[in-house]
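Trainee: For reference, the chains in residue letters:
There are 2 protein chains.
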Amino acid sequence: MCSALLMLGVVAPMAFAEDGYDLWLRYRPVQGEWLDAYRAAASEIVPPAAASPTLEIALSELSRGLGGMLGAAPPVASEPTKDGSLVVGTPRSSALIARLHLDLDRMGAEGYVIRSVAYEGHRVTVIAGTGDVGVLYGVFHFLKLLQTRQPLEHLALSSAPRLSHRILNHWDNLDRTVERGYAGESIWDWQKLPDYLDPRYTDYARACASVGINGTVLTNVNASAVSLTPLYLRKLAALAKVFRPYGVRVYLSARFSAPLEIGGLKTADPLDPAVRAWWRAKADEIYTLIPDFGGFLVKANSEGQPGPQDYSRSHADGANMLADAVAPHGGIVMWRAFVYSQNEPDDRAKQAYNEFVPLDGKFRDNVLLQVKNGPIDFQPREPFHPLFGAMPHTPLILEVQITKEYLGFATHLVYLGPLFEETLRADTYAHGKGSLVANVVDGSLFGYSQTGMVGVANIGTDRDWTGSHFNQANWYVFGRLAWDPSLSTREIAAEWVRMTFSNDPSFVDPVVGMMMSSREAAVDYMTPLGLAHQMARTTHYGPGPWVSGGPRADWTSVYFNRADAQGIGFDRTATGSNAVSQYAPPVAAEFSDLKRIPDDLLLWFHHVRWDYKMRSGRTLWDELVIHYSDGVRAVGDMRRTWASLAGKIDSERYMQVSTFLEIQEKEARWWRDASIAYFQTLSHRPLPAGFPPPEHDLHYYETLCFPYVPGHSPLPQEKCQ
Amino acid sequence: MCSALLMLGVVAPMAFAEDGYDLWLRYRPVQGEWLDAYRAAASEIVPPAAASPTLEIALSELSRGLGGMLGAAPPVASEPTKDGSLVVGTPRSSALIARLHLDLDRMGAEGYVIRSVAYEGHRVTVIAGTGDVGVLYGVFHFLKLLQTRQPLEHLALSSAPRLSHRILNHWDNLDRTVERGYAGESIWDWQKLPDYLDPRYTDYARACASVGINGTVLTNVNASAVSLTPLYLRKLAALAKVFRPYGVRVYLSARFSAPLEIGGLKTADPLDPAVRAWWRAKADEIYTLIPDFGGFLVKANSEGQPGPQDYSRSHADGANMLADAVAPHGGIVMWRAFVYSQNEPDDRAKQAYNEFVPLDGKFRDNVLLQVKNGPIDFQPREPFHPLFGAMPHTPLILEVQITKEYLGFATHLVYLGPLFEETLRADTYAHGKGSLVANVVDGSLFGYSQTGMVGVANIGTDRDWTGSHFNQANWYVFGRLAWDPSLSTREIAAEWVRMTFSNDPSFVDPVVGMMMSSREAAVDYMTPLGLAHQMARTTHYGPGPWVSGGPRADWTSVYFNRADAQGIGFDRTATGSNAVSQYAPPVAAEFSDLKRIPDDLLLWFHHVRWDYKMRSGRTLWDELVIHYSDGVRAVGDMRRTWASLAGKIDSERYMQVSTFLEIQEKEARWWRDASIAYFQTLSHRPLPAGFPPPEHDLHYYETLCFPYVPGHSPLPQEKCQ
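Protein sequences appear in the order of chains R and L. Residue numbers for the first sequence follow the working numbering, so the first one is 1 and each next one is one higher. Residue numbers for the second sequence follow the working numbering, so the first one is 1 and each next one is one higher.
One or more of the hints may lead you astray.
Take a look, some chain R residues computed to stay more than 10 Å from chain L by CB distance [what the hints assert, rightly or not]:
(1) D83
(2) P91
(3) G121
(4) K144
(5) L174
(6) D347
(7) K350
(8) D427
(9) G549
(10) Y612
Which bits of chain L does chain R cover? Going by a derived footprint, with three or more residues having C-beta under 8 Å, they are [as the list claims (entries may be wrong)]:
(11) 195 to 208
(12) 524 to 534
Treat the hints as calculated values from the structure; they're not laboratory data. Just so you know, these numbers come straight off a predicted model, no measurement behind them. C-beta: ideal position from N, C-alpha, C; glycine also.
Can you make the complete structure from the sequences, with help from the hints?
Mentor: Laid out in structure tokens, this is it:
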């Protein structure tokens, strides 16, 4: 004891609390060889002569970053006086930059260049944007070079976003609950707005800008009309004012029935003149308060939400009405393609295509159709959505889910980069080979006038913003891919690790390895070989392959797994629902062919006998068991890898990750065991040699009960005995 | 512009973020004259020889505090080697302390001494506890001496708690909503328990221990039986393990109907043998997991909660059943006296007395009757509860509300010390003059075997814990008064300001002044002259003196204000409900007598004509208007005072307080104007000369609508047009 107490005399320095609040913008001091080089290469700052709030923020960020990394921010000069001078601004704000003729015009309104140039005998670095926000983006890029220990000589970087709309979707309710949120409550403290502006709002906008996100839908797609009342619009305007200089526009979800609920009208029929006038007046009211309001996001006629079909009108009728209301102000409407018909169809995967393809070309120019990456609902793996490639005359924007509703909530380490990349690189064959989803989304394939990518945010009041340190990477990779869908998500992971944790290669390399394999691990322990939608009912917490009954079949697991005594999988070929026919012929041909379809989509498209011989030579049953087990083993590997990295980063974050990996391994085993226990009651087959049986019997897993699982509003108030 | 940008070269040092997370335990560096003195007086630490988790925490805290304040923690020695040596421990853990014969036994299990002694020629300071937790309390006290710049010479301090149970009541639901919480969501992240122990749990226990709080009820009095299931008991046990070394015991609220809901029984009748057996088994199960579990808190037969009266049993029957279940393990039952009968009575203020006084002496020894400070419900001002002094054979513990349900939520600066003190110093006359509520509560008046004070917590996930920086003071003053109800709340305010903000007298004095007058200001702008329960329905946000109708009359404002054309106030004298008769005769006589009753309780006990001549010589109506206006003016004074203090503390906290005071002034004016607008429709009297009329007409105030006001679960989903 006494020796332990004697050690207490050594007090840990009261340093930065490594609680994750700083995200990837940590700017910790640079050590060693790089410090002198960076000090020399960032010796002074030459700001622009003309001011704007955005330029002030960019300059402040540059000083903050360099001050943190180099010990002190460089002095400011009115023109370059020495080597290493950093010249910052736009051609409009800086005569010096104007004189350099950087050919910025072709970079678009948000682009920037970072270039090493000679100026009156000095080696100078220019950080220049076409517009002010480009300067801010450029500053973040320049700082990233230091954060990731890149050389600052001979820089000739330029960048411009390939998508125009890079938007977070917050599924935040006005009561501060977050639908499918696992990171605390909503960061929007509506009660204290517009008077009190939590500093976190600024930090949020800064983080978004640092990865190029330029819009945010503040309210849940399952919308409340209250957000459109004057009381809340004033609150929204206060947030918009905070976000504006960071280049982040605010959007609202629009409840289609708002004219009834807050407008005193008797209908919300989109062709009714009074309804149209109400929305026009509402748009005018909003734009008076928020001149750069982005527009509306709408979930209509889906999962019980109101919509134009309530009045026998089409989605185009509904979207166009709202589009007409915001068009005079330059606003857009993002209309979600995620719809359910009221009546259960033969295959839920086919609905969006069936409803929207006939409407191609019928939408206003400022309507963007928002399409999830896959045809069901953000599953660990889905094939790409068949709408991509099928609507040449309607701009489609890609919706991905950053919050891990189906991928382990807060505590599972699952880096979503590979999932997003898999979709973006999928080939639709719409215009022959090489017609990637990315080419649809970036507008190059069909010449869309508007382009975009949106992500359902994983952000909440948790101190680390996202419920875990590694979940921050999913916010980060979303922003980076929305800026440029062709980026490598492995390289994005590497830069994120370096900025967030450490530049030590003995840390970076294994951690990037963990991240890159983490999504496949989750697929394996949850839904291998093309299975999907096998989670517990309502809460989506843990496995539930036995889930059946309830309000509609296409909300159950058995609907999707179709497991029976013969085999497992959903026949979506011509002998089944024929969902394959929604894809271009070469894709449809591959997916239809049991011999050609990749293993990882097998059961999505085929009902396959348990004894079917896989490419591996094993039976489907054995292969299934092995995949589940591989998933568990992969998490064990992550735990061992992480354990080997102890001491390489701060203990606060190390410990949290370590505990979360423990939880993940426990839950991965739960998924494996519960799934095998259930499917074995149908396959009646033994486990392959050497694979242990489930820890408990099926009844145990079926009767596990978890009340108060987060992510619901209201929570199911089940009682568990 | 350019000058502004040039200034950016100066980077603020990346110092401590003053976000309030550190509460009053900030340990910032001591400057100037005090530094040398303190270094000399805390030159080394002599820890005890024997270990315990609590002693390790105490020593760690001492090093942390001294390290922070003095630049480095003193070295550790095995015995005193120089002047300024700090000898720490208990007689059992430290032979040196045992030899000093500090007469610790009379201090009780939790007491401590801090004493300057001579030891082998050195001037030494001893921080000694009877038990380990006393050492921890002593360390916090010693550090406070430095934090508040007190001399460390000739110390002869000793302290022991005057109440045995000093307990926070969290009205936290298992879905993390907090009933009447205005500081974010519940800090208990049940989903990740027991696996993940958020470091905040440790910080919470530490903060509690620093003010002597030794228990916490983790769950809402409107209880869920789920908290008693094995799943949740394992989570509770994990928290208990974190809190244990800090001397903080965990308690649960018990839902009376749990035997039906999770026990599979057909009744919850407290005299049913199966029910009694179920609770005994449940208690055994809990104590197996948590050997020092504190016991149960019960809200029964109140506001719709189940209870023994559902089976025609008495509160004593119900409480005693639970008491018998926990008695073998040393547990207690806190039974709330806050009850409503199902039928509306003539006066809600009389119910608790009428129900409980007949039961005096019928409770088990380990039942504590938990009584709110006043007979209604935590109003800005109430007379003391008539049960105090009326139950000599039943230990009464005092319940106060730290969260500001009726006092402006997060944003109003209202220091509750004077409110608590007013109750504690009220004279019940139960045994003649000087029979203070404090003497009831500390057990001295009736020789209670158990004593306690509980506070409804104001704690949530907000970074500052309590929704505002000044709300921290209410957590602090609760702990200090529960330790010693005779303390001066002005002195407590002063020490809190010094620890939390600054020792600069030019800051401390005006801020203590603001705090001490803040509660009376709130009484004035909300419910002056003895009015009560005048807030908006359900949400309790803002004024609603016109509220009438609804499910029961005694939930309305008009029930309580009784305003009519003649006058205003609730006649509780013999001509009315005769609630005065529940007080001892000298108190009843004073309250009954219009000439003797203090102005500030006038309308609580009397219906008074608008033209009644007050002591001031003014009419009641004029006096009422003046009080409302005084409240608004007082908030304006606070704003001006605070504005004069700019620059004396960090800008982060300064700015938040400044904005919150703006909100408070706006809302104080709203209270004044809405109340006057309503009452004027009844009094038909002009405002006194020079007092401006309400800004809007009554209709405006009556139709204001605020959906999604925090503090509800579920929130009222009202739509406002």
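Trainee: Evaluate each hint against the coordinates.
Mentor: Evaluated hints:
| no. | hint | in the structure |
| --- | --- | --- |
| 1 | D83 | holds (18 Å) |
| 2 | P91 | holds (16 Å) |
| 3 | G121 | holds (23 Å) |
| 4 | K144 | holds (19 Å) |
| 5 | L174 | violated (4 Å) |
| 6 | D347 | holds (34 Å) |
| 7 | K350 | holds (35 Å) |
| 8 | D427 | holds (40 Å) |
| 9 | G549 | holds (24 Å) |
| 10 | Y612 | holds (39 Å) |
| 11 | 195 to 208 | holds (count 4) |
| 12 | 524 to 534 | violated (count 0) |
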